[in-house]
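Q: So for the sequence shown, our numbering puts the first residue at 206; every next one is plus one.
Everything labelled a hint here was simulated from the structure, so no lab data went into it.
Built from N, CA and C at the ideal position, the CB exists for glycine as well.
Have a look at the derived ranges for each label pair, beta carbon to beta carbon:
{"#": "1", "residue 1": "E422", "residue 2": "L504", "range": "25 to 31 Å"}
{"#": "2", "residue 1": "D371", "residue 2": "L472", "range": "40 to 46 Å"}
{"#": "3", "residue 1": "E353", "residue 2": "T508", "range": "38 to 44 Å"}
{"#": "4", "residue 1": "Y509", "residue 2": "R549", "range": "20 to 26 Å"}
{"#": "5", "residue 1": "G568", "residue 2": "D442", "range": "41 to 47 Å"}
{"#": "6", "residue 1": "R312", "residue 2": "E360", "range": "29 to 35 Å"}
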Amino acid sequence: MENRTDLFLQEVRECLTENILPYWLRLKDPRGGFYGEVAADGTVQYDAPRGVILNARLIWTFAAAYKALGNTEYLVAAMHARDWFLEHFCDHKWGGVYWSVSAEGERQDTKKQLYAQGFAIYGLSELYKATKDDGALKEAINLYRVVETYFADAENGGYVEALARDFSPLEDMSLSAHDINADKTMNSHLHVLEAYANLYQVWPDEELRGRIVALLEIIGTRVMAPSGHLQLYFRNDWTVLPGGVSYGHDIETSWLAMECAFATRDLDVVSRVRPWALAMGKAGNEGLFADGSMRYEKLLDGTYDDSRQWWVQAETVVGNLWLWKYHGDAAAADRALAAWAYIREHLVDTVAGEWWWSILPDGSPDLSQPKAGFWKCPYHNSRMCLQALSLFE
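When you get a sec, could you build the whole thing from the sequences and use the hints?
A: In C-alpha cells form, the structure reads like this:
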C-alpha cells in the first residue's frame with residue numbers, strides 16, 4: 206500500500222507537469238514572450254499589457270522546472286521568456302526594469318518598483334543556475350547594482366519602495382491597488398532578500414552576502430512584530446504604518462528566511478534566523494481553518510478576509526513542510542498534507558488547467574479574477590511543487 210508521502214509527491218509532481226506548466230506553455234506568444242492576461246473563463250486577452258512580475262516569474266518557473274526535471278520544453282520556454290524580457294522590460298537607457306509594457310513591447314508604466322527589480326534578479330539568476338547563460342547572470346548583477354546604487358537607504362537601512370524611470374523620487378510608491386503608499390514595505394524587502402540569496406548561489410560576492418545578512422536582520426528586528434506576525438508598511442525611518450495581518454506572508458517568510466540564511470553557508474546566521482522563522486510560522490498558522498486551508502488576511506478593523514487565495518494555500522504547504530523538517534514540528538506535516546488536500550479538491554482546475562485565483566467563503570471559485578495576469582503567475586504553485594519534491598530528495 207502506497208504511503209502518504211509517496212502519494213503526496215506523486216500528486217504534486219503530476220500537478221506541476223500535467224496541470225500547471227502545460228497551461229503556461231500554451232500561453233507562449235509565437236511573436237515573443239507570453240500573453241498578458243487570461244480571464245477565468247479561459248478567454249485569452251491577446252492585446253493585454255504585460256507586467257514585469259508575471260514575465261520575470263515565468264523565467265524563474267521554467268528555469269527551475271528544467272533544472273529539477275530536465276524537460277527541454279521547459280528550457281525552451283525559459284529562453285523564450287528571457288529573450289522578450291531582456292529586450293522589452295529592461296531599460297537600456299537608465300537601467301532597471303519597467304513595471305509594464307504593451308503586448309507589442311512598447312513602454313507603458315515606466316516606474317522602477319523595488320519589488321520588480323528583485324524578481325528580475327530572481328528569474329535571471331535562476332536561469333543561470335539552469336543553463337550557465339552568462340548574459341542572464343550579467344544582467345542580474347547589473348540589476349543588483351542598480352538596486353544598491355539607487356534604492357538603498359544608507360542612513361536608515363533597507364530600500365526605498367519605488368522610483369521614477371530616471372530614479373528620481375516618486376509621490377506614489379504603492380505596489381498595487383491593495384497596498385498603501387509607503388516608503389518601505391515588508392513585501393519588497395522579502396523578495397529582494399530572496400533574489401539576493403538566489404544570486405549569491407551563482408555569484409558569491411562578499412558585498413552581496415553582507416546585504417543578505419542585513420536584510421535578514423531587517424526581517425527579524427524591523428519587520429517581524431513580537432507576536433511573530435509581519436508588519437507590512439513603514440516610513441523611511443522604519444516607523445510602522447497601519448496594516449493588517451497577512452497570514453500568507455507570515456508563513457511564506459518563515460521558510461524563505463531560513464532558505465536565505467542557508468544560502469549564506471554561515472551557522473551563526475542560520476542560528477540567528479531560526480527562532481524568527483519559527484515564530485513567523487506559528488503566527489501564520491493562526492489563519493488556518495479546520496479543512497486545512499488558510500484565510501487571506503485580517504483587516505485593520507479586526508474583520509477577516511476569509512477567501513482562500515491560491516498563493517496563500519501554496520505557501521501554507523511549503524511553510525509547514527519546513528516547520529516539520531527544520532523545526533521538529535511533527536504536526537506540521539499533517540498541516541501541509543491537509544492544505545494540499547484542500548488545494549487539490551478546490552483550487553486546481555482539472556478541466557482547463559492552472560489554479561483558480563481563490564475560493565470564496567461560500568466555496569465557489571472567484572471567477573472575477575484572472576487565471577493569468579499581472580499578479581496571477583505560476584511562481585507560488587510551481588515553487589510549492591518543486592519545494593515538496595526537493596525536501597524529500
